[in-house]
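**Student:** Top to bottom, those sequences are chains A and B.
Heads up, the first sequence is in my numbering, so the first residue is 982 and it goes up one at a time.
Heads up, the second sequence is in my numbering, so the first residue is 575 and it goes up one at a time.
Just so you know, these hints were derived from the structure itself, not from any lab.
Some hints here could point you the wrong way.
Calculated lysine to any residue pairs in the SDA-like style (CA-CA distance at most 20 Å, straight line) [said to hold, decoys possible]:
hint	chain 1	residue 1	chain 2	residue 2
1	A	LYS985	B	GLN675
2	A	LYS985	B	LEU642
3	A	LYS985	B	LEU669
4	A	LYS985	B	GLU608
5	A	LYS985	A	ILE1004
6	A	LYS985	A	LEU996
Here the structure is a predicted model, which is why all the values come from computation and not from measurement.
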Amino acid sequence: MGWKSRDTRDFGIGLAYLAPSLILFAAFVFVPLAQSIYLSFFNTRATGVATTFAGLDHYLELLTSPAFRTGLLATTLFAVYTVPIGIALGLVLAVMLNQRLRGINVFRTMMSSTIAISAAVGALIWLLLLNPSLGLLNYILSLVGIPGPDWLIQPTTAIIAVSMTTIWLTLGTNIIVLLAGLQSVPEEIYEAARLDGARGLRMFRSITMPMVSPSLFFLLVVDTISVLQAFTQIHLLTRGGPVDSTRVLVYSIYQDAFQNFQFGYASAQAVILLLLVMALTLIQFRFVERRVHYQ
Amino acid sequence: MSIRTVLSYALLAVGSIVVAFPLLMALSYSLMSESQIATFPPPIVPVRPTLNNYADVLDTIPIGRYLLNSFVVSTAVVIGQLITASLAAYAFSFLVFRGRQILFFVFLSTLMIPWEATIIPNYMTIRTIGWLDTYQGLAVPFMATAFGTFLLRQAFLQIPRELWDAARIDGASSLRFFISTVIPLSRPILGTVAIYGFLSTYNQYFWPLLVTNQTLMRTTQVGIAQLRFEETLRFGLVMAGVVMVAVPTLALLVLGQRQLVRGLTAGAVKG
Chain A
982 MGWKSRDTRD FGIGLAYLAP SLILFAAFVF VPLAQSIYLS FFNTRATGVA TTFAGLDHYL
1042 ELLTSPAFRT GLLATTLFAV YTVPIGIALG LVLAVMLNQR LRGINVFRTM MSSTIAISAA
1102 VGALIWLLLL NPSLGLLNYI LSLVGIPGPD WLIQPTTAII AVSMTTIWLT LGTNIIVLLA
1162 GLQSVPEEIY EAARLDGARG LRMFRSITMP MVSPSLFFLL VVDTISVLQA FTQIHLLTRG
1222 GPVDSTRVLV YSIYQDAFQN FQFGYASAQA VILLLLVMAL TLIQFRFVER RVHYQ
Chain B
575 MSIRTVLSYA LLAVGSIVVA FPLLMALSYS LMSESQIATF PPPIVPVRPT LNNYADVLDT
635 IPIGRYLLNS FVVSTAVVIG QLITASLAAY AFSFLVFRGR QILFFVFLST LMIPWEATII
695 PNYMTIRTIG WLDTYQGLAV PFMATAFGTF LLRQAFLQIP RELWDAARID GASSLRFFIS
755 TVIPLSRPIL GTVAIYGFLS TYNQYFWPLL VTNQTLMRTT QVGIAQLRFE ETLRFGLVMA
815 GVVMVAVPTL ALLVLGQRQL VRGLTAGAVK G
């Protein structure tokens, strides 16, 4: 089918409205994306200029590098510690907040307050909480007879400390999304289940959980992506240490690019980050599509 | 009140205090002297509340300038996003043209690309065009938003088509219909996009850390982080800085909670 002059005119008008966004996306998303992929196949000077073709060398180096393997392990541990616990806590609190009580909005605002808190602010507050001599966390633990570790000094606890901070930071979002999910469940469904004798845990398991499962799945993907992108709390709490135990993927990109000036090697890691996030997003899209179709 | 209700309130109160505890503690510690902070067991409330830490923050870092920088950059991003996203959303909802689907998919695809995966070339671009340590270097890369475009498109699709038909019969141009009808009818959702854009820009850390070197061009988040790397770590000082930086966002949360909730839940519930 050819284009009539009218088609061309309509296309021109449409494009004019889209142009401001498209130009910005081209300049700061699509072209840089191509450059990241390109750089990942090259060696660079310290200024970032590509010099010699490296082929798959950077990727092969990543495969064999113990530091990168440690980093992937840190990223995985970080996600495993943060995402399920964060969602579970969010669900418990959202169920508590999903009641018709006077003044419930005060509690809702307080519990979701962390959505407004930046990672930098959160990390600095937790730096104090986690401090072994001045912080309240170890004091509270000592009250129940647990000797608190020096959180940020030991490799095994540093990643837990970063995860606790992140759970707190994402709790607000998790609560809001899950509360909205709970509120979208029609009251009649609960009524009917109640007439059938469902109560308490049984009601939660057979009515609430299935009804909020889309929200749970959404958070599983979104929280995992945001964990993959986490940088600030690591920069302020541990700087990737001790002994690389919190050197997650994005922190590794930061250090290799902006401290070691190995832009090619860092770009290969950026491409891996891209692939991980794309895969997660596509899973999310597929899931949403299917839900809409078979509802 | 029944026992059940009392129990509910008690649980809610405990839960709220636990969740908000780090914030309340930051406020409390910002009002303590360094010597009280060092006492054991760790104190909860200040014995003699003092504003000294706040005065010390003002003496240590140019926090006023940081707040100004963050406000300028965040406001610029919000204005930019409102313009680019509403124009694009209008094309995707009211205008009919070939290639619309493909272009919509192009927008959609930007959601899959994490900013950190493109941060190296973006840094190089900003350095090459001489935008390090400038407001435009901090703001311009974030002035287009696919997420905002989708939110606005959803809202624009709710506007009755009859209005559009009537406007065309009256001979109104598409731009005039956009400005005089679509925008005024969409104020609430524009508010959502604005609050979202402001918060996420104001709270940025990685990008401002990379593209600012001069002290006076730093934003709040990078600026208070300096307090952590002072020679001696003084927690009273750090907490005062934290409170000063967090207050604007908490105020925004209280004022714009409804808009924020709408934004956050757009993707999750409807599916």
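**Student:** Hints numbered earlier in the text: which of these fail when held up against the supplied structure?
**Tutor:** Structure breaks hints 2, 4 and 5.
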